[in-house]
Amino acid sequence: MISNKDHVSLRGTRNGILVSISENCPMPEGLEQLKATLHQRRAFFAGSPLSLDLGWREVTEQDADLVIVSMREMGMRLLGVISTSQITRHIFEARGLKVIIGTLGLARHGARTRQGKPPLEPSAPVAATSPAPPAKAAPTHRPPAGPVGTVADEDESEEVAPSSGADPRSSSPPPTAPPTAPPSAQAAPASRALPTPGADTMLIRRTLRSGQRVQFPGNIVIMGDVNAGAEVEAEGDVIVLGNLRGTAHAGAGVSGKKEAVVVALNFHATQVRIGDLIGFVQATKGFHQNAAVMARIQDGAVATCLYGNGS
Amino acid sequence: MGKVIVITSGKGGVGKTTATANLGTGLAQAGKSVVLMDADIGLRNLDLVMGLENRIVFDLVDVVEKKCRSFRQALIKDKRFENLYLLPAAQSRDKDAVSPEQMRDLCHELKEHHDFVIIDCPAGIENGFKNAIAGASEAIVVTNPEVSAVRDADRVIGLLESQEGKCTTQLILNRVKADLVRKGQMLSVNDVQDILNIKLLGIVPEDEKILRASNRGEPAVLDLSSRAGQAYRDIVSRLVDPAAAPAIVIQEKISWFARLRRFMGLGEEVANHA
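Keeping their order, the protein sequence lines are chains R and V.
Take 1 as the starting number for the first sequence in our numbering and just add one per residue.
Take 1001 as the starting number for the second sequence in our numbering and just add one per residue.
Calculated from the structure, these hints are not laboratory results.
Bear in mind the structure is a predicted one, so any value in this text is a computation, not a measurement.
Watch out, some of these pointers could steer you wrong.
Stated by the list, open to error - Taking beta-carbon pairs under 8 angstroms as the criterion, some of the chain R residues facing chain V (in silico): (1) Asn24; (2) Ala228; (3) Gln298.
All C-beta atoms, glycine included, are put in the ideal place defined by N, C-alpha and C.
Based on the provided sequences and hints, a complete structural model is requested.
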């Protein structure tokens, strides 16, 4: 979340940027602040779809015109306006904009996901026996990722050549994510042999707070923290690019894979589950600091080790 | 149009009611028109801490059920400030007596006539919590530097962030003991922010004077010798004008030696640690 003097805040969502302008802030001022923030992070936000949340604010005709003109000036695509005020909704509808009472409406909007994501770093080489980093994501209508080296689909991303050292390329964004799926399935570049051919991967670009729960029949990658009290359940691997303090369950469910792993940059979890085994992790100071840790089943029990050590 | 701020925490006993009373009084002292609303129906405390418990005639539930003509009848004017009002909760009802829509309408009405409407949220995440946050556009999360409080605050922040339209959350770290933090026996601000990661509004130190203030019904923000009071005064100035705010520090007891040095003019001993 980015905040600018309490009036304008931006939040990344699966359907682009959600901009909230505080109801007490005069519209021209709010739009100026928004312009400044977007200009600061041009490279990051350029061309993104944007939804405007005005809360209970009641806009005037001039305000609405100003909004539309400003959006055009900033080069942002205004998807729609969220408002709990009937007056505001009528005014924007009259200008041909989509208007919603709650953010739920955006889920069925079918907006495209963000482009221009930087490619993930190629991971350290892993031995053939252990599972490799997350497989390429695929929304349900795409064919499953074929053997390494082939192009799965002309429009979508290419597979990387089998030899090590090839750079993964960022893929073009998949079209509409199915509304029933939990937060966005975005494409992640493939890099090595796939442990679970055809597995989907869900990418979550935010921190999971206590009490929040994510379940997915595939792999889950989280760019953020998993706070204590949050739960992550995947049939495949769970990769946390941040602090893992909550409960991660890899290889969950009937079709869960026993070779699944849980990897975290900062492994602070006290309990980790793989398949139907539970491991209690002793918090030993100094061992797991500043190193990515991987948990997997070894000799019939859940064991942790340093990630990327040729393990 | 005023601001509606809800003071919430998840965990009970961390200092929401104290914060509501102190921030409200401080804002009124700064000249703002303030309404304090006690949303803890069935377990009301805000009236005690403000020292106004003997003046309650109508309460929040009466207003919502239209047993009185308007909210103005229920508002109790404070003893000390004429621009500070209290809307008490009902003691003989429970949290199902009002709905989020009713709370939203009431807050909407109140904020048209006052600069600040500060809502004291009950502990928990059920109906009481949902009612309290319904009408608010900003939230101040109060927590203690202690693992259970931080865990509950994280839950509450997650709930607030996933609400539509509510995006401003700020943090008050309450009951901080600077010497324990220094010894590593208490969570530091960084430890707490590692998990919560929201904007820090202020740090209030542990202070015995808070207890005395509650018993007397005189919020500590009025007591110039109270360190917690000083922290609340700083927070009030940050709320009034975020740009001109004093830096966030932990108010500490100044040792007699440091006092002596100051007296002798041996330079400013900065006894502040963030």
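Hint by hint, here is what the structure shows:
no., hint, result
1, Asn24, "holds (6 angstroms)"
2, Ala228, "holds (6 angstroms)"
3, Gln298, "violated (31 angstroms)"
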